[in-house]
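Trainee: If you want the building blocks of each chain, they are given just below.
Protein chains: 4
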Amino acid sequence: MNSELPAASWGEPRSREISWHDPSLGATAGRSMSGMEYLTAMVEGRLPAPPIAQTLGFTLTSVAEGEAWFSCEPDESHYNPIGMVHGGLVCTLLDSALGCASHTLLSAGAGYTSIEIKVNYLRAVTSASGMLTAHGWVTKPGRRVIFVEGDARDAAGRVVATASGTCLVVGST
Amino acid sequence: MNSELPAASWGEPRSREISWHDPSLGATAGRSMSGMEYLTAMVEGRLPAPPIAQTLGFTLTSVAEGEAWFSCEPDESHYNPIGMVHGGLVCTLLDSALGCASHTLLSAGAGYTSIEIKVNYLRAVTSASGMLTAHGWVTKPGRRVIFVEGDARDAAGRVVATASGTCLVVGST
Amino acid sequence: MNSELPAASWGEPRSREISWHDPSLGATAGRSMSGMEYLTAMVEGRLPAPPIAQTLGFTLTSVAEGEAWFSCEPDESHYNPIGMVHGGLVCTLLDSALGCASHTLLSAGAGYTSIEIKVNYLRAVTSASGMLTAHGWVTKPGRRVIFVEGDARDAAGRVVATASGTCLVVGST
Amino acid sequence: MNSELPAASWGEPRSREISWHDPSLGATAGRSMSGMEYLTAMVEGRLPAPPIAQTLGFTLTSVAEGEAWFSCEPDESHYNPIGMVHGGLVCTLLDSALGCASHTLLSAGAGYTSIEIKVNYLRAVTSASGMLTAHGWVTKPGRRVIFVEGDARDAAGRVVATASGTCLVVGST
Chain A
1 MNSELPAASW GEPRSREISW HDPSLGATAG RSMSGMEYLT AMVEGRLPAP PIAQTLGFTL
61 TSVAEGEAWF SCEPDESHYN PIGMVHGGLV CTLLDSALGC ASHTLLSAGA GYTSIEIKVN
121 YLRAVTSASG MLTAHGWVTK PGRRVIFVEG DARDAAGRVV ATASGTCLVV GST
Chain B
1 MNSELPAASW GEPRSREISW HDPSLGATAG RSMSGMEYLT AMVEGRLPAP PIAQTLGFTL
61 TSVAEGEAWF SCEPDESHYN PIGMVHGGLV CTLLDSALGC ASHTLLSAGA GYTSIEIKVN
121 YLRAVTSASG MLTAHGWVTK PGRRVIFVEG DARDAAGRVV ATASGTCLVV GST
Chain C
1 MNSELPAASW GEPRSREISW HDPSLGATAG RSMSGMEYLT AMVEGRLPAP PIAQTLGFTL
61 TSVAEGEAWF SCEPDESHYN PIGMVHGGLV CTLLDSALGC ASHTLLSAGA GYTSIEIKVN
121 YLRAVTSASG MLTAHGWVTK PGRRVIFVEG DARDAAGRVV ATASGTCLVV GST
Chain D
1 MNSELPAASW GEPRSREISW HDPSLGATAG RSMSGMEYLT AMVEGRLPAP PIAQTLGFTL
61 TSVAEGEAWF SCEPDESHYN PIGMVHGGLV CTLLDSALGC ASHTLLSAGA GYTSIEIKVN
121 YLRAVTSASG MLTAHGWVTK PGRRVIFVEG DARDAAGRVV ATASGTCLVV GST
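Chains as they are written, first to last, in this note's numbering: chain A, 1 to 173; chain B, 1 to 173; chain C, 1 to 173; chain D, 1 to 173.
It should be emphasised that the hints constitute simulated quantities derived from the structure, not laboratory data. Errors might be hidden in some of the hints.
The list cannot tell twin chains apart, which means a pair is met if one copy fits it or any two copies do.
Claimed, not checked - Straight line, CA to CA, 25 angstroms or less: simulated SDA-like cross-link-like pairs of lysine to any residue: (1) 140 to 15; (2) 140 to 24; (3) 140 to 129; (4) 140 to 18; (5) 140 to 57; (6) 140 to 83; (7) 140 to 12; (8) 140 to 5; (9) 140 to 45; (10) 140 to 46; (11) 140 to 111; (12) 140 to 10; (13) 140 to 171.
Here the structure is a predicted model, which means the values were calculated and not measured.
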């Protein structure tokens, strides 16, 4: 099949160095902080960002009671094999936004795990989408389950994806 | 709050260089190939892996009619702020597996986009989970919509997540 | 096991007669009407309600461009085996609201089918919940796929469930 | 608009009487029984079927450890306004199958509520589909959350829908 590409024709690879700090530092510190304290420290750079955020290039930009916002500038390193930003990037931003929105409601000593998430892909994302903003908000708090929703928007404010999920509260007092 | 960590105490950052090839090469070549031809060329290294796979460190290992398999060794660079592998990695693997399972059914000239995906997180994933395998399979093909499901398993074969999604066929003849 | 109940102790059954009209009447009439015309005729009683609405006791109360509202008074006939209104009633109301919200955007000759729906059950529903209102709205229209969301509220306005779904447009010109 | 139908032309309504027993009888009895005992008593007719099953005409036909099966013959009373069986019937059967599959794992004194469900509609259902069978199975049990999946098939064994959901265990000892 003549449409295949000999590796010699692939051109120079592009590259980027990613770096992160030991994730156990933040996770350990987090155990003695409420969710709001922990996430606020992260927003303000007083705790290291988690490795996944460094790897994919996204940032927790803001938190409020029951809400969280992330931003990410999609670039070529996020592309899938069909010439667009991989849906997994959008899922990751939304999973982060929903999880952290839940986390803001937890007191010190409590934790959470995501039970499930559903993402609707409304619009294709490319590097031309500009800065993405993912916003998560709690639709119903609970001692055991927290219901959360969210959306991701491109730089023009158009919704590119929406999400619906749930988190399980663990270790709560 | 004494649980915060001055940056001086964060220790040496760990780092990794990621590199990828121009994603338009593969996407362009793919237009004249059937899904099976395109994905097989990728499995066999005759086309460059997509950037997102290089960024997150996962690999398309195998395809069959209506099925696709990915693998990924989760490591510290995938960690979230609560000390585990970020659910977004699992979503990305499953979104890939479901999308490529759909893609195997498409003839040259046809494309697809993911409409939505829902992921159930059955078990926490850490670097101790070992090599993850994500498997996607078509539950119902269609000229317009393809229904797909999948699961992700750890090195011990335990299901860590399941997924249910749909893809829209576009440009089909 | 002494907790079983001999049928003689079940008491008098309660009963209700349900009645409906031939559903092919409305479906046939609908083919020559736009979605808004068709649904408006149903709201205004100029077309018979669909059988499922008679069976479960719910009503399409209002439509607008890209939106639809249903109401239903939950009663004992909707109860599940664990002493609450069955989640399926809420799913049915939300599936209706999302589908009809999509339908309002279709011109005569076009139809749709629901691809999938995800429902979050935020609060238990009982006959004490009072009149439920399900509201569906389009989050992104499209020639092929329409993205829709919705919520269901009790008589006090509290959200009891949210939904996220997609519809496939068929036969559009 | 001449496609409207004066009520005089709607023809004779069709009707059916539905009847059920006080749902508190079963729910009360259930509190002292394990899930398997309770559901087995229901399969065997030693407890009254829940009202929703009478209203919609479906039956719990079998249970096993972590599994449940329902059947339902779709008829005209389940039709939606676009000439097919309403997706809500399929959701109701699947929500039942997933919930009861979870319930089989619970000991006396424990209960559950459905957290969420996602349903993929693979094929349209009509009265020609014949007897539907909905099967639910637990993909991962848990002390707090039970993960469940399921499918619904027509009389020919073709999958008409699949479901993915989660249940919260409550009151467990």
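Trainee: Cα distance capped at 25 angstroms. Does residue 140 pair with residue 111 within a copy, between copies, both, or neither?
Mentor: The answer is both: 17 angstroms in one copy and 21 angstroms across copies each meet 25 angstroms.
Trainee: Using 25 angstroms as the alpha-carbon threshold, which applies to residue 140 and residue 10: within, between, both, or neither?
Mentor: The answer is neither: 50 angstroms in one copy and 36 angstroms across copies each exceed 25 angstroms.
Trainee: For residue 140 vs residue 15, is the C-alpha pair at or below 25 angstroms within one copy, between two copies, both, or neither?
Mentor: Close neither inside one copy (43 angstroms) nor across copies (36 angstroms); limit 25 angstroms.
Trainee: At most 25 angstroms between alpha carbons: which applies to residue 140 and residue 57, within, between, both or neither?
Mentor: The answer is neither: 30 angstroms in one copy and 28 angstroms across copies each exceed 25 angstroms.
Trainee: When no copy is specified for residue 140 and residue 171, does a C-alpha distance of 25 angstroms or less occur within a copy, between copies, both, or neither?
Mentor: Answer is both; intra-copy 19 angstroms and inter-copy 20 angstroms each pass.
Trainee: State whether the alpha carbon distance between residue 140 and residue 129 is at most 25 angstroms within one copy, between copies, both, or neither.
Mentor: Classified as between: cross-chain Cα gap 17 angstroms, same-chain 31 angstroms, threshold 25 angstroms.
Trainee: With 25 angstroms as the alpha-carbon cut-off, assign the pair residue 140 and residue 5 to within, between, both or neither.
Mentor: neither (52 angstroms within a copy, 32 angstroms between copies)
Trainee: If the cutoff is 25 angstroms on CA atoms, where do residue 140 and residue 12 land: within, between, both or neither? Let me know, please.
Mentor: Answer is neither: 50 angstroms inside a copy and 39 angstroms across each miss the 25 angstroms cutoff.
Trainee: As a check of your reading, is residue 140 near residue 18 (CA-CA no more than 25 angstroms) within one copy, between copies, both or neither?
Mentor: Cα proximity of residue 140 and residue 18: none, with 37 angstroms in one copy and 36 angstroms across.
Trainee: Could you place residue 140 and residue 45 in one of the four classes (within, between, both, neither) given a Cα distance threshold of 25 angstroms?
Mentor: Neither. Shortest intra-copy (29 angstroms) and inter-copy (36 angstroms) distances fail the 25 angstroms Cα cut-off.
Trainee: First find the shortest C-alpha distance between residue 140 and residue 24 inside one copy, then the shortest across copies, and answer within, between, both or neither for a cut-off of 25 angstroms.
Mentor: Classified as neither; 30 angstroms inside a copy, 28 angstroms across copies.
Trainee: Could you figure out if residue 140 and residue 46 sit no more than 25 angstroms apart (CA to CA) within one copy, between two copies, both or neither?
Mentor: Neither way: residue 140 and residue 46 sit 30 angstroms apart in one copy and 38 angstroms across, limit 25 angstroms.
Violation of the numbered hints given earlier is confined to hints 1, 2, 4, 5, 7, 8, 9, 10 and 12; the remaining hints are satisfied by the structure.
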